[in-house]
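S.K.: First to last, the sequence lines map onto chains A and B.
The numbering of the first sequence is my numbering, which starts it at 1 and goes up by one.
The numbering of the second sequence is my numbering, which starts it at 1 and goes up by one.
Don't read these hints as lab results, they were simulated from the structure.
Predicted model, so just to flag it, every value in this text is computed and none were measured.
Careful: at least some of the hints might be erroneous.
Stated by the list, open to error - Heads up, simulated DSS-like pairs for lysine-lysine below, C-alpha to C-alpha not over 27 Å straight-line:
| # | chain 1 | residue 1 | chain 2 | residue 2 |
| --- | --- | --- | --- | --- |
| 1 | A | Lys166 | B | Lys64 |
| 2 | A | Lys42 | A | Lys73 |
| 3 | A | Lys193 | B | Lys64 |
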Amino acid sequence: MYSNGNDVADFDLINREAITVTELTKDIKKLLENKFPYLWVKGEVTNFKKHSSGHLYFSLKDAESQISCVMWKNRNRNLLFRIQDGMKVLVFASMNIYMQQGRYQLNVQQIRPLGKGDLHIEFEKLKKRLDEEGLFNKEHKRDIPLFPQRIGIVTSPTGAAIQDIKSVLQRRFPSLELILWPSAVQGEGAAEKIAEGIEAFNQYAKVDLLIISRGGGSLEDLWPFNEEVVARAIYKSEIPVISAVGHEIDYSISDLVADKRAPTPSAAAEIAVPDREELLKNLFTYKDKLIQLIFSLFTVYHENIESLKASYGLRRPVDKIREYSHRIDDITTHFIMVVKNHYNAKQLKINNLLGRLKALDPQSVLKRGYSITTLLPHGTIISQSKKLKKDNIINTRFAQGSVESIVKNVKST
Amino acid sequence: MKDNISQKSFEEAYDQLKELVEKLENGETDLEESLKIFEEGMHLIDFCNKKLEDAENKFKELLKNDKGDFSLEDINT
Numbered sequence: 001m002y003s004n005g006n007d008v009a010d011f012d013l014i015n016r017e018a019i020t021v022t023e024l025t026k027d028i029k030k031l032l033e034n035k036f037p038y039l040w041v042k043g044e045v046t047n048f049k050k051h052s053s054g055h056l057y058f059s060l061k062d063a064e065s066q067i068s069c070v071m072w073k074n075r076n077r078n079l080l081f082r083i084q085d086g087m088k089v090l091v092f093a094s095m096n097i098y099m100q101q102g103r104y105q106l107n108v109q110q111i112r113p114l115g116k117g118d119l120h121i122e123f124e125k126l127k128k129r130l131d132e133e134g135l136f137n138k139e140h141k142r143d144i145p146l147f148p149q150r151i152g153i154v155t156s157p158t159g160a161a162i163q164d165i166k167s168v169l170q171r172r173f174p175s176l177e178l179i180l181w182p183s184a185v186q187g188e189g190a191a192e193k194i195a196e197g198i199e200a201f202n203q204y205a206k207v208d209l210l211i212i213s214r215g216g217g218s219l220e221d222l223w224p225f226n227e228e229v230v231a232r233a234i235y236k237s238e239i240p241v242i243s244a245v246g247h248e249i250d251y252s253i254s255d256l257v258a259d260k261r262a263p264t265p266s267a268a269a270e271i272a273v274p275d276r277e278e279l280l281k282n283l284f285t286y287k288d289k290l291i292q293l294i295f296s297l298f299t300v301y302h303e304n305i306e307s308l309k310a311s312y313g314l315r316r317p318v319d320k321i322r323e324y325s326h327r328i329d330d331i332t333t334h335f336i337m338v339v340k341n342h343y344n345a346k347q348l349k350i351n352n353l354l355g356r357l358k359a360l361d362p363q364s365v366l367k368r369g370y371s372i373t374t375l376l377p378h379g380t381i382i383s384q385s386k387k388l389k390k391d392n393i394i395n396t397r398f399a400q401g402s403v404e405s406i407v408k409n410v411k412s413t
Numbered sequence: 001m002k003d004n005i006s007q008k009s010f011e012e013a014y015d016q017l018k019e020l021v022e023k024l025e026n027g028e029t030d031l032e033e034s035l036k037i038f039e040e041g042m043h044l045i046d047f048c049n050k051k052l053e054d055a056e057n058k059f060k061e062l063l064k065n066d067k068g069d070f071s072l073e074d075i076n077t
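Generate coordinates for the entire structure from the input sequences, incorporating the hints supplied.
M.R.: This is the structure we're talking about:
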């Protein structure tokens, strides 16, 4: 290998005229994206993947070529069928170039199965008609009760849906009555049977919530839930209805009419009832709160008594104070009994509180090593040093015994 | 719709409990009244806890006869 002067000159020239990778990619991007703004593409799905983010990734292929596709989450939310490898589809998409990776990809806006167009057209037609009639109106939707006690379920007795619903309800809120109306959920006559179930529950009337459901399947399998007779039965229902049909990406007419749509049968059960663990936690919080509140109230009353006692000698009749003090003592005893009845001894926190309540009794305070100082001759309780002067005679009471002393020096802190 | 529920429902008890706690929080009740509220609250908490305790959901099937009368039948699974 050698080079002569000419080669070097050529190389410089080429170097000057060469464009960067980015410039080239930008040109390609512009060219392709302008040439294919939005278009319909048909092909067979392969390498289908649903990312945890909710975006769908797949490729479309035919005998000789393949192109990668992405369908973003916000686009695939209302899909009427499940995309699967091998399925022939029609996509409406734009061409996107990803400059960083030098890749091109179809950005799919809509997808339809090929050869199943009839059901889709029918679905869209019915959806449009019922929508115009107001069956999907928000104003018509009833609230799902917070704590249903009896839940009516219209589904197949042998399907996966009923098992999922039962186990989630058992876990979340196990004091329910679940009442099943067994129904076919696919095939001829299923729609009528589902509608009949909804009507039967409304006649029976003794449930507070209805779940109509089935597990995943093809668009044909889910079809009964797209039929008008079911839509009308849901709309007419006095009992709130949760519709849970197929998988997350399956949307049915029943979902649109129902008071609440659940993405899956399990999710329907979760929407239907509150979580027991959470309720237990709330109850415990309430218990704590009640104890704290009542306890602080007692503290206030006991302090009041002490200050009343301390102000003997003033204008308060001693009998009144005694009476008041007795009443509080009675209530306190009652309170302690109530607490003991409702708390088991293992609950340390409560023992602690009761301990504190007992500590309000001056004698038990003294037992902890504190003392009470009174000013003689009247016996006024002294809680601030500034109430005393040099040479005052004071009495200091301990848990056992007392002493009298003469004040030598008063310090304000 | 709820005419068949003779005893207090969890929801009623839970709602009542919330009200009682709020009432006590407002601090406008005297000691004796507060204690009554407290005691009632404790009863409600026990009631609610019991409702949530290791219960089993009952599973039944709704049957309708020719006359249109309804009945429930236990399903064992």
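S.K.: Each of the hints needs a verdict: does it hold here or not?
M.R.: Tested hints:
| no. | hint | result |
| --- | --- | --- |
| 1 | Lys166/A / Lys64/B | holds, 23 Å |
| 2 | Lys42/A / Lys73/A | holds, 21 Å |
| 3 | Lys193/A / Lys64/B | holds, 13 Å |
When the structure is compared with the earlier hints, no violation turns up for any of them.
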